[in-house]
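Same order as they appear, the protein sequences are chains Z and V. The opening position of the first sequence corresponds to residue 1 in the working numbering, with each subsequent residue numbered one higher. The opening position of the second sequence corresponds to residue 397 in the working numbering, with each subsequent residue numbered one higher.
I should point out that these hints are in silico values taken from the structure, not numbers from a laboratory. Treat the numbers as computed from the prediction; the structure is a model and nothing was measured. One or more of the hints may lead you astray.
Claimed, not checked - Cross-link-like lysine to aspartate or glutamate pairs, in silico, DMTMM-like; alpha carbons within 25 Å at most:
#, chain 1, residue 1, chain 2, residue 2
1, Z, 12, V, 414
2, Z, 160, Z, 303
3, Z, 135, Z, 303
4, Z, 5, V, 665
5, V, 540, Z, 149
6, Z, 308, V, 459
7, V, 696, Z, 63
8, V, 452, Z, 303
9, V, 423, V, 777
10, Z, 192, Z, 139
11, Z, 81, V, 414
12, V, 540, Z, 139
13, V, 691, V, 446
14, Z, 5, V, 664
15, Z, 25, V, 459
What the hints assert, rightly or not - Where chain V lies over chain Z, by a calculated footprint (3+ residues, C-beta under 8 Å):
#, stretch
16, 54-67
17, 181-190
Idealized CB from N, CA, C, for every residue including glycine.
Chain residues, written in single-letter form:
Protein chains: 2
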Amino acid sequence: MINQKNVELGRKRSSIRELFEYGKKRKAEIGEDKVFDFSIGNPSVPAPAEVQNALKEIITQTDPVFLHGYTSAQGDFSVRKTLADYINLRFKTALTADCLYMTCGAAASLTITMNALLNAGEEIITVAPYFPEYKVFCEHAGGKLVAVESEDGTFQLDLKKIENAINAKTKAVLINSPNNPSGVVYRERDIKKLAELLEKYSEKFGGRIFLISDEPYRELVFDKDVTVPYVMNYYAHSIVCYSYSKSLSLPGERIGYIAVSNKMKEFEEVYAGVCGAGRALGFVCAPNLFQQLVKKVYDKTSDISIYKGNRDRLYSTLTGYGYTVVKPDGAFYLFVKALGGDARAFSERAKNFELLVVAGDDFGCAGYVRVSYCVAPDMIERALPAFKALAESYGK
Amino acid sequence: MINQKNVELGRKRSSIRELFEYGKKRKAEIGEDKVFDFSIGNPSVPAPAEVQNALKEIITQTDPVFLHGYTSAQGDFSVRKTLADYINLRFKTALTADCLYMTCGAAASLTITMNALLNAGEEIITVAPYFPEYKVFCEHAGGKLVAVESEDGTFQLDLKKIENAINAKTKAVLINSPNNPSGVVYRERDIKKLAELLEKYSEKFGGRIFLISDEPYRELVFDKDVTVPYVMNYYAHSIVCYSYSKSLSLPGERIGYIAVSNKMKEFEEVYAGVCGAGRALGFVCAPNLFQQLVKKVYDKTSDISIYKGNRDRLYSTLTGYGYTVVKPDGAFYLFVKALGGDARAFSERAKNFELLVVAGDDFGCAGYVRVSYCVAPDMIERALPAFKALAESYGK
Numbered sequence: 001m002i003n004q005k006n007v008e009l010g011r012k013r014s015s016i017r018e019l020f021e022y023g024k025k026r027k028a029e030i031g032e033d034k035v036f037d038f039s040i041g042n043p044s045v046p047a048p049a050e051v052q053n054a055l056k057e058i059i060t061q062t063d064p065v066f067l068h069g070y071t072s073a074q075g076d077f078s079v080r081k082t083l084a085d086y087i088n089l090r091f092k093t094a095l096t097a098d099c100l101y102m103t104c105g106a107a108a109s110l111t112i113t114m115n116a117l118l119n120a121g122e123e124i125i126t127v128a129p130y131f132p133e134y135k136v137f138c139e140h141a142g143g144k145l146v147a148v149e150s151e152d153g154t155f156q157l158d159l160k161k162i163e164n165a166i167n168a169k170t171k172a173v174l175i176n177s178p179n180n181p182s183g184v185v186y187r188e189r190d191i192k193k194l195a196e197l198l199e200k201y202s203e204k205f206g207g208r209i210f211l212i213s214d215e216p217y218r219e220l221v222f223d224k225d226v227t228v229p230y231v232m233n234y235y236a237h238s239i240v241c242y243s244y245s246k247s248l249s250l251p252g253e254r255i256g257y258i259a260v261s262n263k264m265k266e267f268e269e270v271y272a273g274v275c276g277a278g279r280a281l282g283f284v285c286a287p288n289l290f291q292q293l294v295k296k297v298y299d300k301t302s303d304i305s306i307y308k309g310n311r312d313r314l315y316s317t318l319t320g321y322g323y324t325v326v327k328p329d330g331a332f333y334l335f336v337k338a339l340g341g342d343a344r345a346f347s348e349r350a351k352n353f354e355l356l357v358v359a360g361d362d363f364g365c366a367g368y369v370r371v372s373y374c375v376a377p378d379m380i381e382r383a384l385p386a387f388k389a390l391a392e393s394y395g396k
Numbered sequence: 397m398i399n400q401k402n403v404e405l406g407r408k409r410s411s412i413r414e415l416f417e418y419g420k421k422r423k424a425e426i427g428e429d430k431v432f433d434f435s436i437g438n439p440s441v442p443a444p445a446e447v448q449n450a451l452k453e454i455i456t457q458t459d460p461v462f463l464h465g466y467t468s469a470q471g472d473f474s475v476r477k478t479l480a481d482y483i484n485l486r487f488k489t490a491l492t493a494d495c496l497y498m499t500c501g502a503a504a505s506l507t508i509t510m511n512a513l514l515n516a517g518e519e520i521i522t523v524a525p526y527f528p529e530y531k532v533f534c535e536h537a538g539g540k541l542v543a544v545e546s547e548d549g550t551f552q553l554d555l556k557k558i559e560n561a562i563n564a565k566t567k568a569v570l571i572n573s574p575n576n577p578s579g580v581v582y583r584e585r586d587i588k589k590l591a592e593l594l595e596k597y598s599e600k601f602g603g604r605i606f607l608i609s610d611e612p613y614r615e616l617v618f619d620k621d622v623t624v625p626y627v628m629n630y631y632a633h634s635i636v637c638y639s640y641s642k643s644l645s646l647p648g649e650r651i652g653y654i655a656v657s658n659k660m661k662e663f664e665e666v667y668a669g670v671c672g673a674g675r676a677l678g679f680v681c682a683p684n685l686f687q688q689l690v691k692k693v694y695d696k697t698s699d700i701s702i703y704k705g706n707r708d709r710l711y712s713t714l715t716g717y718g719y720t721v722v723k724p725d726g727a728f729y730l731f732v733k734a735l736g737g738d739a740r741a742f743s744e745r746a747k748n749f750e751l752l753v754v755a756g757d758d759f760g761c762a763g764y765v766r767v768s769y770c771v772a773p774d775m776i777e778r779a780l781p782a783f784k785a786l787a788e789s790y791g792k
């Protein structure tokens, strides 16, 4: 018998992927434009023009032995230096190149960080709703993911519930803001309180509790008055897991980084753990061409005004139809209360209207569905009558 | 305390990296051209022109949303189909696209395969000399690496020693041919005997023993009469871990694949395990641009005649100076008997002549040093007097 845990993970698609595959089949049956697929978080807005230009320039002007050669495992020094300087400029931190470790995207950032921190049986607390793969990553690293509920009706941090979950086995709290799937940005005052809590219980239990911030959606914030707090400025023992997948529409290229706060006493040890975990998991280095790319376009994003337009159109129309939705500040998801209360039943019924929305149960939050609005605006227009008819079928 | 095993891995550089870093320092001190750095396996021959041309064409002619978007976790179907067809053409196999799983290079191919197969405490047998990271990868996957000696004086498989090492905990035998660091290509007759052995003991112990073939150097073979047997044609329970790092000089871009033989009864389970392990380790998908690249240049290689020239020049000259070397059939390494018998002492003394060669102890083979000849031919010419003087210092 080979490793059955991994066999099972390989056999069982995530419910997101399951629905996405159903959508592909259904489109083949009735036509691409007849199916309204809100299942998957694959950016629909192309990478900005700067990406193509920079790629062409790098490929034609760089010595191929350097360009396609190994970088150090942490990533090319000049790339890390450029990104550290930019973080410092934006967030008034004092990171050096050696605080950064380039990765193959957000998932790699997370698995490496978890493997660096966790000893067998230790726990990571996260806040529901949360990205389902957290559980897979954490368990493979030998840990246990403990999900606590968010504040009722807002999806903000519920500090009391986090406090109740902390115990001597807690190694880290993992947050994701802007949040997948709720789109909520956690409030600064709650991040402050969370930092106090982690300080208090690190002392109480005599073992450091780290704060991991998963930030693939940091740049996808739609309103000027919303800022996403930079966790290192509130808690010294912070690790930021960043990715360019969504901000630059490069999810298939796998490029991101881990930034370890140099304000923490254990910095050298934690960074070494990150290097060791990256090595043991087989990452070697992040793709060099894309390291060189982000060095050039680190401050660019795709045209996120399209996502903002989608959010505004969907939010105002769906609430008008009688759906209950917390208005998302960022990312590209709406987390909609399932009519009738049962999210799986709602998602199934939605299929009758050719609407594909993911039941929130796998996000640790029953009674909601996720609507990914990283789609073409005209699909939203075509889908609205289906959303309306679905609501009416529930007597709205 | 965070995970100390990973901290230690991160703190302790491999001896290869250690020497490479020393070389960089030394070059800064006495001049780039005065240090003869044979420490690292970073291809010195640039990627073939077809790579740059294909990259430019792909970037300018492909829809960026597709090009930079997620592929399925296994890799883009048309990429896998193209590569499977090519393997079938070359090796008379009957693989389908669904036998292949695209990876971020050879290291990822290995960690994913090991995590797919191993249960805690199970063993993988490999043959010394072997690539030192095998141990790191295997232990992280919960297994134990058991290294057996190769045939005395030839570095070929010693089937008696492999047989003696097989027991009820053996999950796989891992071979690497052409071999890093010896350059040896394992003989077809020994692969046949190895297959018989694995068949016999799989039955005897009632648990399947797999054959993992790590093949980053497959295309780097210098003589027409040398062929590298394709293991699937000898043993149904074979898994090939392939990489384009060395053949196309793309080590920093991380692209390769796992091919699971569809002749094995447990195919569906093993492939699912590969998918599950890739997911749990955080790989998501292999970089899409480089997937599309290898679809176009799968049958190209860098100009390996340069490596052949280096091999011939170094082999004939060093043996003339009194060194003992098994002539390598492939890869780009010479494994040279350390004069005086102690490889670490020899490697240290070599530094006095500004020669950087890696002691073989970490390759599980004391008494030898590895000379990486993926270097500029003119550096070899400049280094020859140093090799001569070093030999003379041992009384040769």
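Each hint tested on the structure:
no., hint, in the structure
1, Z:12 <-> V:414, "43 Å, violated"
2, Z:160 <-> Z:303, "38 Å, violated"
3, Z:135 <-> Z:303, "32 Å, violated"
4, Z:5 <-> V:665, "11 Å, holds"
5, V:540 <-> Z:149, "40 Å, violated"
6, Z:308 <-> V:459, "23 Å, holds"
7, V:696 <-> Z:63, "19 Å, holds"
8, V:452 <-> Z:303, "24 Å, holds"
9, V:423 <-> V:777, "18 Å, holds"
10, Z:192 <-> Z:139, "29 Å, violated"
11, Z:81 <-> V:414, "23 Å, holds"
12, V:540 <-> Z:139, "21 Å, holds"
13, V:691 <-> V:446, "12 Å, holds"
14, Z:5 <-> V:664, "15 Å, holds"
15, Z:25 <-> V:459, "22 Å, holds"
16, 54-67, "holds (count 8)"
17, 181-190, "violated (count 0)"
Going down the numbered hints, you'll see the structure goes against 1, 2, 3, 5, 10 and 17, while the others check out.
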